[in-house]
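Protein chains in written order, with our numbering: chain V, 1 to 361; chain H, 1 to 361.
Everything labelled a hint here was simulated from the structure, so no lab data went into it. Note that this is a predicted model, so its numbers are computed, not measured. It is possible that part of the hints are untrue.
The list treats identical chains as interchangeable, and a pair is accepted whether it falls inside one copy or across any two copies.
[Claimed, not checked] Heads up, simulated DSSO-like pairs for lysine-lysine below, C-alpha to C-alpha not over 30 angstroms straight-line:
1. K253 / K114
2. K210 / K253
3. K356 / K82
4. K353 / K112
5. K210 / K114
6. K112 / K128
There are 2 protein chains.
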Amino acid sequence: MPPEASRFPKRLARVRRSLLTNGLEAVLFLDMNNVRYLTGFTGSDGAFLLGRRRSLLLVDGRYTTQAGEQIGEAGVFEYREKVAGIAEILAGWAVTTVGFEAAAVSYETYGKLKEKLPMACLQPLASKAVNIRMVKDEDEIAALRQAAALASRSLLELLPEVRPGLRERDVALELEYRMKRNGADGISFPTIVAAGENAALPHAAPGSRKLAADDTLVIDYGVVFEGYHSDETCTFVLGQASSPFREAYGAVKTAHDRAIAAVKAGVPCAEIDRIARDYLEEAGLGRFFVHTTGHGIGLEVHEPPRIAATTEVLLEVGMVVNIEPGVYIPGQWGIRIEDTVLVRERDCEIITKTPKDLTIL
Amino acid sequence: MPPEASRFPKRLARVRRSLLTNGLEAVLFLDMNNVRYLTGFTGSDGAFLLGRRRSLLLVDGRYTTQAGEQIGEAGVFEYREKVAGIAEILAGWAVTTVGFEAAAVSYETYGKLKEKLPMACLQPLASKAVNIRMVKDEDEIAALRQAAALASRSLLELLPEVRPGLRERDVALELEYRMKRNGADGISFPTIVAAGENAALPHAAPGSRKLAADDTLVIDYGVVFEGYHSDETCTFVLGQASSPFREAYGAVKTAHDRAIAAVKAGVPCAEIDRIARDYLEEAGLGRFFVHTTGHGIGLEVHEPPRIAATTEVLLEVGMVVNIEPGVYIPGQWGIRIEDTVLVRERDCEIITKTPKDLTIL
Chain V
1 MPPEASRFPK RLARVRRSLL TNGLEAVLFL DMNNVRYLTG FTGSDGAFLL
51 GRRRSLLLVD GRYTTQAGEQ IGEAGVFEYR EKVAGIAEIL AGWAVTTVGF
101 EAAAVSYETY GKLKEKLPMA CLQPLASKAV NIRMVKDEDE IAALRQAAAL
151 ASRSLLELLP EVRPGLRERD VALELEYRMK RNGADGISFP TIVAAGENAA
201 LPHAAPGSRK LAADDTLVID YGVVFEGYHS DETCTFVLGQ ASSPFREAYG
251 AVKTAHDRAI AAVKAGVPCA EIDRIARDYL EEAGLGRFFV HTTGHGIGLE
301 VHEPPRIAAT TEVLLEVGMV VNIEPGVYIP GQWGIRIEDT VLVRERDCEI
351 ITKTPKDLTI L
Chain H
1 MPPEASRFPK RLARVRRSLL TNGLEAVLFL DMNNVRYLTG FTGSDGAFLL
51 GRRRSLLLVD GRYTTQAGEQ IGEAGVFEYR EKVAGIAEIL AGWAVTTVGF
101 EAAAVSYETY GKLKEKLPMA CLQPLASKAV NIRMVKDEDE IAALRQAAAL
151 ASRSLLELLP EVRPGLRERD VALELEYRMK RNGADGISFP TIVAAGENAA
201 LPHAAPGSRK LAADDTLVID YGVVFEGYHS DETCTFVLGQ ASSPFREAYG
251 AVKTAHDRAI AAVKAGVPCA EIDRIARDYL EEAGLGRFFV HTTGHGIGLE
301 VHEPPRIAAT TEVLLEVGMV VNIEPGVYIP GQWGIRIEDT VLVRERDCEI
351 ITKTPKDLTI L
């Protein structure tokens, strides 16, 4: 067993306490990020059954060796067909009341489970109940810090080379190459490098458009490191910034700063969204802020809690969330400023490292 | 509208003919690959409603501009909350019998749809019914060819530089860099570069292990080009191949060749799997062939039909599938040989380009 294996019993104990109540005898996890979180298994397919006094990782033949190495052979069961394997184990355990992740199980898979487990009482667990990864432990925070630092370092290395004439895709390629050479296991999501009017599309894919003098440049990028993601957005200018752009940048930066200043334990996520949104409304830019203010980050780049008007979660110590207000003026330019913060008792710590004052490249 | 827009009306007409039968008045598509296939919209979130005489793409505010540019503003509806938006449109259309993709809709989303559409009759469509992308049209085949050619060219460029002393991750990084520089929009999946005993794990992640003399080297890699994926696996030797390895390589290559020789319209997918599996059984390697023989490829790297014993699909002209038998000797080495083929009336065409005879690097 790897030395860091000690984190898993703690996680299992906590999840058992929170989920195996109200008569629930076992929980079936099919979301592979939850499976990884609870077991350390990093494969892309499988299932994890958590009972009151036992647990088992189920994998197909491609993953038997890897699973045995990662969690110990005793904890692994090899199936030929997943749902049949799950049914076999549950029958052996003689448990009938089984919870499942309602958001991670398709209507089709649910139908198959019902068919193979006619006697079982399958209980959908709402996202709220199975958001087991919102509060990060020390190992996770360490990985998130390393991911963020590695990404920021790579961008700062590249910036001196970013100049008019390069295509958006060249910049994205060089950034991704540097991030991986610096130790990233992968990129967190396809890097966004959007110049000028392309920056007005919040999810632009980098293309053949060449950077030009005085262009706005939005770079939204991140890495995966030991399974954990980073995600940071910087908005630059290549030369002269127009005065409407400068004003809008100042407004987005203030919205970003105010939202971050409000982050601490006990504050509702919706309140953080409201602070950023109200400020941009006041600045006359509210209608150009077309997305929510942020999201949790961890084994997934976007995970609960959403920093949104409809989120009912209160921030807790150890949550790690992104704050990313933006404004997008169709046909002209866009601005997004995004940092990752670690929630503390009375404030938060910013773990992304690239400076966010307006930078002229 | 982009010039290639003409492909979409054809696809819509075909899908209407196949799905809007038996009283079904509309189909709700939530699988974003199906949405892209039917509309050309490349965003990562949204929904598409296909009615008998009309259709509508639903997106949130992040994607309104992009969707308007990609499919024309008239075909786009912006929602604040997806399920509420879907309910609003369906109410306006006054349709009640609505199919949905049972494999792409979570149990939780289904619950929300039921709640917001109390009068609707929601009909789960089995994967079989909504496998609308199995037969590729000319545009898709062209993109798949370009993806495969671009990937193979990049690997062939890199091979002269692959030598003992490099780490697996260095090889993966350089290959990914070359693929993107050569025009790939992204990589198809995290590149596998697995040396020696690591090659015995079918889904190994490239790590810090250094290539050594006489190592086996499995490289499984691919690109995304215009949304379409490539996927090819080559197994090399860095020096001297042991005679058990040579024998096994010959067996996997023969299994691969026989399976491909059998691919043509009308043949069951299960038959192709059986041919590869039987040959490896005969060669005494059956128990080391721990996965299915292949899969379809297109907007997803793994998509229907699976080339597996349990698949009931018959091959059709225009299907594009991967054939990838392999054997994995735990603790020693692994071999996988994978090509993508286009099904034709009487045979198939191999569209991946790297030679598969045993190559000593």
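Quick rundown of the hints versus the structure:
{"no.": "1", "hint": "K253 / K114", "result": "neither (51 angstroms within a copy, 41 angstroms between copies)"}
{"no.": "2", "hint": "K210 / K253", "result": "within (26 angstroms within a copy, 45 angstroms between copies)"}
{"no.": "3", "hint": "K356 / K82", "result": "neither (47 angstroms within a copy, 33 angstroms between copies)"}
{"no.": "4", "hint": "K353 / K112", "result": "neither (47 angstroms within a copy, 40 angstroms between copies)"}
{"no.": "5", "hint": "K210 / K114", "result": "neither (55 angstroms within a copy, 48 angstroms between copies)"}
{"no.": "6", "hint": "K112 / K128", "result": "both (24 angstroms within a copy, 15 angstroms between copies)"}
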